[in-house]
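In the order they appear, the protein sequences are chains A and B.
Be aware that the first sequence starts at 1, since it is given in the UniProt record's numbering, and climbs by one per residue.
Be aware that the second sequence starts at 1, since it is given in the UniProt record's numbering, and climbs by one per residue.
FYI, nobody ran anything at the bench for these hints, they're computed from the structure.
Please note: incorrect hints may appear among the correct ones.
As the list claims (entries may be wrong) - According to the in silico footprint, chain B covers these stretches of chain A (three or more CB under 8 Å from chain B):
1) 103–117
2) 120–127
What the hints assert, rightly or not - Simulated DEER-style distance windows between Cβ atoms:
3) 119(A) to 199(B): 52 to 62 Å
4) 105(B) to 215(A): 37 to 47 Å
5) 112(B) to 31(A): 15 to 25 Å
6) 125(B) to 244(A): 54 to 64 Å
7) 100(B) to 119(A): 28 to 38 Å
Everything numeric in this text was worked out from a predicted model, so none of it was measured.
Just so you know, even glycine gets a beta-carbon here, dropped at the ideal spot from N, CA and C.
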Amino acid sequence: MQSAPDDEELDSLSIRLVGLDENYPVRLNWNDLGVQFSKQSIVVPGDRLTRSREFIPGHGTLRRTVEAGSGNASFAAGRRQKQNDDNAEDNDEDDEDEDEEGAWELAASVAGRQHVVNKLLCVLPGRSRYAGEIGDVVVGRVQEVASRRWRIDANARLQATLHLSGVLLPGEDLRRKSEEDERAMRAVLAEGDLVSAEVQSVQADGSLVLHTRNARYGRLGQGTLVRVPPALIKRSKTHFHSLPCGVTLVLGMNGYCWCGPTPGQSDVREPLASPADRSEVARVRACVRLLAVNHVPLYDTSVMQAYEVARESPVALLSRPDEQLRVARLVAEQLLTAEVGEAQPGGGGFGLHSGDLISGGALSAVH
Amino acid sequence: RNSQLPISDHVMPLDRYRNTALVDGIDVRALPLAGDCPAPASEGKQQQQQQQQHWFQRRLVQDTVGSGYVEFGDTKVLCSVHGPMEPKRSVLTDAGAEQSRAQLQVYYKLAPFASHQAGRVSYLPDETERRAASFLQDTLAPSLRLDRLPKSRIELHCLVLEDAGCCLATAVNCACLALVDAGLEMYDLVTAATVCRPVGATDWQLEVGDGSNSGGSSSVTLAYMRSLRQVAGMLVEAAEPLQPREVSAACRICEDPCKMTHSSLRQFLLDCLPADDRTAKIA
């Protein structure tokens, strides 16, 4: 056993707690830019939403019966209804006749904000797993080559499936798949390859079925993948962007974004990218990352603006939090002034149309 | 205090790559604190009031779906949630049961420096930690809507950074915060409290995180869901034979602290959620 250290040693050993300085915010604070987030309609799991029967339970809500007089909530009768799909209107009308014995109420099951769209009441959490919707463009990584299908990691709950019949093979595109095709699957997509695809369907258990039956989908070549929260990807007409700096950006709706040098015209195996091209790709990747970290919505305009701001800085500087904050703040200000200047039909902010998210991405992206 | 034998003798051979202990190391808590760190000695009523308050934080851990951190007095627990993800394919599990609802797996560990009483804790989970993990699993699994996530697996990792009493209840609170942060559907917030009673005493006392409750006392941990008015879990650790009415009296005493913790957790979430939501209209 050592003897206890004396005072002089202690001064050199003293441990100072280093915390984040109040004056040094590491992430973009939208309140500083004048964006106020209302505190109304924020709910927490277990909160009662409504007792009115006119609302249809959407995502993030659950029905529970309230025994009259005692104030206790139980799920005995509510369990039947939860078997049905939450968004199916027909089933709900049938079930309302069954539980006439007790009042029931809608309660929140996730922490988030309530949304009411006509009669649909749902609670959207701030962050959730990507669930997928038919027609979404996703970027995934092949994890397994199984018989006549590939299993792909698409940032969802379960692995996505890409069938051999869903892939556009070179040659005639409607020919029947033969045995040689099955054996040659690894020549098309091997384990670890990145692929851009479109969601063909969503199975009952929530897994996605993808397809690449279009010339713009397929295996992604040289480049880098950035993983961002799926909620930040704004749904737009196209998710494949060829930026003027020679970089192709694919913003997958599942939060996987791929940046790579724009391939040439021919189908010949492309040469290795030059160092100049690589540094441009790295710059675009850094822009996507810094926007994601500061919760700025991701679409071609915002990435382009971030690239313009960050064009002069060395790429390594863009991984520092203070530089990320500076660039993200400039981009956010530009996006906000652009939105205020244009006439917005729905009144949404910073490039995101709230109606857009409710009807499209958010309802599917939150499972 | 530190055991006399080098700890490497107790550890399985698989752990040779870890530097398990310094035989003549000094316990950090024996060093007088330097600078402006607050002293952990809990004297005075104000200090006790502070010891009974929770301090919440979330989204601390990168690359996880959700994470939470709770301090209750000196007890500090960090939880992170991974998933939902592909279930582990095992030949032994029943295929039907596996696919109908998600599996929740809880991993509970005390950090090696965490325990005030037991000295250095081994890297491998021991019986106390396994029991705590199974309590957390039994408590939290009913509060999650696992049937909404078929064919999935959710992993919850709890790391106790400092155990100054009431660490299991704090772990329940922290796990609930992490699960809410992950956006998983739950029936209600689960909060827990612990009461303990030294051997021979008659009154149950609320256990707080100030290190005053040493081993050798009976304790009852109750996990409660306030909006549903249902008990999610109960763990009784008896140092002496307990009558059923004593245990039920302990549960009744636990109910109020659980409700207060529920309020403060709910208030914390309501305060920090607005900044989270990108779909908000500008108010």
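key: Hint numbers contradicted by this structure   = Failing hint: just 5.
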